[in-house]
Amino acid sequence: MKILVCISKAPDTTSKIAFTEGNTKFDENGVQYIVNPYDEWYALVRALEIKEAQGGNVTIITVGTAADEAVIRKALAIGADDAVRIDADPKDAYYAAVQIAEYAKNNQFDLVLTGKETINYNGSQVGGMIAEALDTPFISVATKLDVNGSTMTLEREIAGGIEVVETGLPVVISCAKGMAEQRIPNMRGIMAARTKPLQVVAPVSVEDLTSFVSYTMPDAKSACKMIDPSNMDELVELLHNEAKVI
Amino acid sequence: MSVLVYINSSTGIHKSANEAVTYSKKLGGAVTVITNGGCDAVTLASLGKYGADKVLVDRSVNSNDDQQLTRMIATAADSVGATTVVFSHDLTAKAVAPRLSVRMKAGLISGAIDLPSGDGTTKVNVFSGKAFGAVKVNTSKKIISLLPNSILPEATGSDCAVEDFNGNAGSTNVKVITTKKPEGEIPLPEAELVVSAGRGLKGPENWGIVEDLAKALGAATACSRPVADIGWRPHHEHVGQTGVAIRPNLYIAAGISGAIQHLAGVNGSKVIVVINTDQEAPFFKAADYGIVGDAFEVLPRLTEAVKKFKG
Ligand SMILES: Cc1cc2nc3c(=O)[nH]c(=O)nc-3n(C[C@H](O)[C@H](O)[C@H](O)COP(=O)(O)OP(=O)(O)OC[C@H]3O[C@@H](n4cnc5c(N)ncnc54)[C@H](O)[C@@H]3O)c2cc1C
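Protein chains in written order, with the numbering used here: chain B, 1 to 246; chain Y, 1 to 311.
No wet-lab data here; the hints were simulated from the structure. Ideal placement from N, C-alpha and C gives every residue a C-beta, glycine not left out. Treat the hints with caution; some may be incorrect.
[Unchecked claim] With a straight-line cut-off of 25 Å between C-alpha atoms, the simulated DMTMM-like cross-links for lysine to aspartate or glutamate are:
no., chain 1, residue 1, chain 2, residue 2
1, B, K25, B, D87
2, B, K105, B, D82
3, B, K2, B, E49
4, Y, K285, B, E242
5, B, K2, B, D68
6, Y, K15, Y, E190
7, B, K74, B, E28
8, Y, K285, B, D12
9, B, K9, B, E102
10, Y, K136, B, E242
11, B, K9, B, E207
12, Y, K270, B, E242
13, Y, K270, B, D219
14, Y, K175, B, E166
15, Y, K181, B, D146
16, Y, K270, B, D233
17, B, K2, B, D87
18, Y, K285, B, D219
[What the hints assert, rightly or not] Examples of chain B residues lying across from chain Y (beta carbon under 10 Å, computed):
no., residue
19, I139
20, S222
21, V236
With these hints in hand, go ahead and build the complete structure from the sequences.
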């Protein structure tokens with residue numbers, strides 16, 4: 001089975017979030033990039049498990065600049081066979097999705113896995129867009145994936161519940177918690193990652209559908225009002241009369 | 001201008017649907033609802049109260065298959081000449097709206113929390129709620145997926161017409177084997193009140209006091225990530241940067257330290273109450289009301305106070 005895993009970089013979860021250039025750009029100063037947790041913990045690890053069980057090939061793909069190769073090597077250290085970097089600095093999910101779909105189409109992948117969303121833009125857009133561009137089914141927010149020949153059996157989250165579905169190949173799947181367990185790369189993996197093939201591919205020409213114009217930070221919270229633990233009637237009264245939420 | 005709004009009516013009309021219709025009305029122009037499945041016409045007509053001029057329903061589509069829904073919505077958008085398509089940002093929208101964006105070549109704004117502003121941009125949550133972004137759409141058509149609890153539903157009109165519609169949804173390769181729906185629970189992303197607990201509760205056997213408070217308030221329950229990881233609570237209750245992001249009116253957190261990754265998923269809440277034995281717990285910095293105390297004593301006491309208040 002040929003598996004393509006879409007990887008995005010994301011700022012480390014403890015990063016300070018700030019903006020520069022008149023609040024039009026994310027301030028990367030001092031920010032450590034990690035592999036987006038959903039892509040790494042669930043999509044990539046499940047792809048590796050499938051390969052280990054039945055053979056095949058796992059390719060990582062990212063749309064990014066040369067600076068993103070450190071993040072690609074981190075993902076390779078966990079165990080993928082090779083990586084592809086589409087050489088562009090994407091500003092828009094559609095732009096990235098079209099690049100990935102183009103590569104997937106030209107290289108005939110059976111299974112395309114993404115994380116359920118990135119932890120910086122939280123758009124949940126790329127997976128569905130790739131599926132539409134490839135005209136394949138899209139199984140979103142999958143928490144379980146069993147492969148039986150060319151039949152995929154999946155559990156996915158739907159509004160207020162869980163659905164068990166069956167589909168064939170090719171298919172695009174966005175992966176969430178439950179799909180696999182996080183793997184910590186070992187020394188051998190990290191060494192091997194340095195020499196694994198990383199192919200750089202020129203982007204196709206695509207117009208962005210959207211752009212982020214500016215950013216703002218939420219208003220600072222006013223001081224916390226402390227309440228005596230023995231006086232819960234007071235809390236209820238405040239929630240009703242002051243906060244007006246009950 | 002013409003606005004098309006997709007409503008998931010498979011389990012009736014939820015508050016989030018009324019919000020999406022109200023939002024669409026406020027965008028200006030004619031508002032058409034497109035939905036599918038077996039919801040009865042009387043219930044669907046009630047969307048008129050929130051501003052829908054007409055409801056189109058494709059009775060032949062009985063799943064939430066993303067390819068079929070995409071085709072159906074695109075057909076409806078064409079037929080009413082919609083320039084904007086609105087979704088409520090739930091799991092169906094997260095699967096369907098991106099597909100529709102590609103199909104219609106329409107820029108997608110996901111997770112909108114407000115109406116477009118004067119400069120034509122729309123505010124969305126980014127960095128898991130740690131900041132906001134203003135998004136501009138570069139195409140003539142656009143799609144807006146609205147976060148639940150972002151605007152108040154306003155019922156000012158009257159029932160509207162409901163018409164059968166053929167959305168040419170086509171076939172699908174995805175077969176639904178079973179559907180499991182937890183009975184009687186409030187879906188977390190839509191809940192206005194949420195009671196949440198963390199590792200401070202010490203074990204799954206102690207969740208009774210959390211559920212009692214949730215029941216007294218009519219709230220949904222949530223938890224921190226380690227609690228879901230060790231299997232004390234189901235995964236769908238896990239809130240935070242790598243779980244569900246919520247923005248209820250009231251978030252009560254007991255025995256949760258308030259790590260940055262947890263806060264990321266809940267800091268859109270209007271009011272936060274924190275119960276923690278440690279007065280240095282970081283969560284107090286993000287709280288509106290704080291109680292330094294033992295959750296095992298405070299939660300039952302709060303439940304009693306709520307019951308007394310509700311009579
Ligand atoms: C990449 C990444 C992503 C993450 N994503 C998430 C996420 O999405 N959501 C999330 O929640 N976490 C996430 N985490 C984990 C996060 O960093 C914290 O470890 C976690 O939130 C802590 O959970 P907790 O508050 O329940 O437990 P603890 O940190 O152990 O805190 C327990 C709290 O309970 C208090 N307590 C103890 N006994 C009592 C009592 N009797 N009464 C009242 N209070 C009591 C303690 O004082 C303490 O403050 C993530 C971490 C990483 C690295």
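Hints versus structure:
Note on K25/B and D87/B: the hinted pairing holds, with a Cα-Cα distance of about 20 Å set against a maximum of 25 Å. At roughly 17 Å between alpha-carbon atoms, K105/B and D82/B fall within 25 Å of each other, so this suggested pair holds. Of the pairs offered as hints, the one joining K2/B and E49/B holds, with about 13 Å between alpha carbons and a cut-off of 25 Å not exceeded. For the hint pairing K285/Y with E242/B, the CA-to-CA distance comes to about 19 Å; that is within 25 Å, so the pair holds.
With a CA separation close to 24 Å, the supplied pair K2/B and D68/B stays within the 25 Å bound. Straight-line distance between C-alpha atoms of K15/Y and E190/Y comes to about 8 Å, which keeps the hinted pair within the 25 Å bound. Simply put, K74/B and E28/B have alpha-carbon atoms about 19 Å apart, close enough for the 25 Å limit, and the pair holds. Restraint check: the Cα-Cα separation between K285/Y and D12/B comes to about 21 Å, which is no more than 25 Å; the hinted pair holds.
Under the criterion of a C-alpha separation no larger than 25 Å, the hint pairing K9/B with E102/B is consistent with the structure, at around 20 Å. With a C-alpha separation of about 37 Å, the suggested pairing of K136/Y with E242/B is violated against the 25 Å cut-off. A threshold of 25 Å between alpha carbons decides the hint, and for K9/B with E207/B the separation of about 22 Å falls inside it, so the pair holds. Of the pairs offered as hints, the one joining K270/Y and E242/B holds, with about 12 Å between alpha carbons and a cut-off of 25 Å not exceeded.
Taking the CA atoms of K270/Y and D219/B, the gap is about 12 Å. The hint holds against a cut of 25 Å. Distance check on the hinted pair: K175/Y and E166/B sit about 5 Å apart at the alpha-carbon level, within 25 Å; holds. With a CA separation close to 21 Å, the supplied pair K181/Y and D146/B stays within the 25 Å bound. Proximity of K270/Y to D233/B is assessed by CA-CA distance (about 21 Å); at most 25 Å being required, the pair is judged to hold.
Restraint check for K2/B and D87/B: the C-alpha separation of about 22 Å stays at or below 25 Å, so the hint holds. Restraint check: the Cα-Cα separation between K285/Y and D219/B comes to about 13 Å, which is no more than 25 Å; the hinted pair holds. Contact between I139/B and chain Y, as hinted, is supported at the beta carbon level, the nearest pair being about 7 Å apart and thus within 10 Å. Annotation: interface hint on S222/B holds; nearest CB of chain Y at approximately 8 Å, less than 10 Å.
At its closest, the beta carbon of V236/B sits 5 Å from a beta carbon of chain Y; the interface hint therefore holds under the 10 Å criterion.
The structure is inconsistent with hint 10 alone, although it conforms to all the rest.
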